[in-house]
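**Q** If you want the building blocks of each chain, they are given just below.
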Amino acid sequence: MELLMPFLISVALLFIIGLMCLMVKRDMVRLLIGVEILFNAANLNFVALSTQVSGFVDPFAHSVVMMAIVLDGCVIAVGLAMALNVYKHYKTLDIRKLRRLRW
Amino acid sequence: MVALDLLTQTVRIPLPLAALLLGGLTMPIIGLLAERAALGRLREAWMFVVTAADLGAIYLLYQQLKADADGILVVHLWGQRPPLGGCFEVDALSVFMSGSIAFLGFLAALYSFNYMEKESRLTEYYALVLLMMAGMTGIAMAGDFFTLFIFWELMSLSSYVLVAFLKSRWGPIEAGFKYLLMSATAGAFLLLSMSFLYGMAGTLNFALLANGLRGAEVTPWMFVLFSTVIVGFGVKAAIVPLHTWLPDAHPEAPSPISALLSGIVIETGLYGLTRVLYLIFEPGFFRMSIAALAVLTMTLANVTALLQQDIKRLLAYSSIAQIGYMLIGVSTGTAYGVMGTFLHVFNHSLMKGLAFLSSGSIVHRADTRDIPSLRGVGRMMPYTTFTLFVALLGLGGVPATNGFISKFILFNSAIGSGMVWLAVAGVLNSAFSMAYYLRVMKALFARPESEGLEVREAPTLMVAVTVVMAALIVVLGLYPAPVIGLAERAS
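Respectively, the protein sequence lines represent chains A and B. Numbering of the first sequence is given in my numbering, commencing with residue 1 and proceeding in unit increments. Numbering of the second sequence is given in my numbering, commencing with residue 104 and proceeding in unit increments.
Just chain A, same shape as in the assembly (with noise of 0.2 Å):
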C-alpha cells in the first residue's frame, strides 16, 4: 500500500490538472491537451493497480491500457477534425468565440 500511495495522489493531482486545463484554457487544441491528460491520469491508475490485487504484475490491465489509449487517440483525432471545421467557419480557435448557441 505504501508503493501504491505516490501513484494515487500523482492520479489525483493529474486529474486535478486535466481538469483545471478544461476549466481555464481557450485554445481548442489545449482543451484537448486537457482530455488527453485526463486519460492518461486513468491509464496510469489502472497500471499502478494492476501491481497490487493479485500479488502480480497483472498484464490484463496493461491490454486493458493499450486499447484505451487507442480509443482516446481516436477521440483526440476527432476532436482535432473539428477544431479545424471551427477555424474554417470562425477564423479562430478561441474557445469563447463560440458563443451562438445558447441554453
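It is worth saying that the hints were derived from the structure and are not from the lab. We put the CB at the ideal spot given by N, CA and C, even for glycine. Mixed in with the good hints, there may be bad ones.
Covered stretches of chain A, as calculated for chain B (at least 3 residues, CB under 8 Å) [unchecked claim]:
{"id": "1", "segment": "33-46"}
{"id": "2", "segment": "55-67"}
{"id": "3", "segment": "84-97"}
We have chain A already, so just place chain B on it with the hints.
**A** Only chain B this time, still in chain A's reference frame:
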C-alpha cells in the same frame, strides 16, 4: 448458440452485433460500387437489408433465450475464459434494449432515405449510423466493463461525427465540439471508475464484480467510485448538471440522427448506469441521491423547455425531462421500478423518435425551426402533424397512449417504495410538461398569418414511417400486455 463464428471458433460475436458491424464495415465498399457503377439506391438497399437482418437476429436470439434454462447466454470472445478475456452476456434485458435499438434504427434508416437524399457523403452517413447502432447493441450485450467501454467509445465516436455531419453550417460544428469535449471527459471518468473497480475486485467481469463488491462495507473509495460512475454515464444520459451538451447537439444533428440520439443513445447511458449501479451497490446506497437527481432533472428541463422558441430544442429539453422520469424507476431499487424504467425507455424511444421524425419532416418542408413562424403549417401537412400530435400527447402521458402506461408504473413504483414525494414531483412535472406540448400544437393548428406560406406534405415514405409509429403508440397504449411482459422478463 446464435453467434457468428469467425476464424474456427476463436472469435465469437452475437449475431445482431455481427450483422451491424459487418454492415457498417462493408458500407464504404457498397458506397464505392454505387458511385462507380451508378447503381442508384444500392446504399439504401444495403442499409435496409442490414437493419432488417439486425431485427431478425434479435428475434432469433430472443427465441434461444426463452429456450435457455438460466436465462443468460454467455458468448466468449477470443476463446478465453471470461475473467481474462472479454465476453458478451445476453440476458432478457439486453435483448429488450437491443430490440428497441434495432427497431428505432430500422425506422430511422427508412426515414433517412428521403430526408438525406440531397446531402453528399451519404456513404459515411450510413456507415456511421450502422456503427453507432453496433456500439449501442454492444453496450446492451456487454458482459464485462472492458467490452462495455470499447463499444461505448464506438457509439460516442460515431455520434460525434454524426452530430457535426452537416459541416457546411456553423451550428452543427459548434454543437459537435461541445458534445465531444463533454463526452470525452465523461469517457475519462468512466475509465477512472473502471480502474477503481479493478483495484477493488481484481476483475472487470460483471458477474465476478457483483460477487466481490455487493454488500461490501462502505469505504470512502465507494463514494469516489459512485461519483465517477455517475459522471461517466451521467453525461451521456443527460442527468441535469451534466446535460448542457444535449440541447445543442440534438437540434443541430440531421433529424433521423436526432431521433436516434434522443430515442436510444441517451437511454443507453441510462442503461449502463442502471446496470452498473445495481451490480455494484446495494440499492439503499444510491436511492436518495438518484431520487434527488431525478427531481432536479425533471424540474429544470421542464421549466427550460417552456422558454424555447425552437421546436427541436424544445423536444431536446423534453428528452431530458423524460430521463428524469426514468431515474425515478432506478431510484426505487425494486424490480417493479426497473421494469417501469425500461418500459419507459422503449416507449420513449417510440414517442421521441416519432416526435423528432415528424417535426423533422415539418422542418424539412417549412425550412424553419422557429415555433411562431410555423403557424398554420399543420394545416398543410395534415398526416405529419397528426403523428406529431400523437407523439406529443404520448410524451405528456395522456391515457390511451403508451406513455401513460409506463409513467403510471413509474409513479406507482415510487409510491410503493415509500417515496410519495417523488411520485408527486413526477405527476406535477408531467402535468406541467403538457403546457409546452400544447403550445406546439396550438402554433401548428393556428390560422396562418401570411397568405404566402405554401408547404407540401412530406414524401410518402417519411409519412408512412411516422404513421406506423403513431399507430404503434396508440396500440401499445390500449393493449400494453406484450411489451409489459417483455419488460417484466427483462427486469
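**Q** With reference to the structure, classify each hint as holding or not holding.
**A** Each hint tested on the structure:
no. : hint  : verdict
1   : 33-46 : holds (count 8)
2   : 55-67 : holds (count 5)
3   : 84-97 : holds (count 4)
In this structure, every one of the numbered hints holds.
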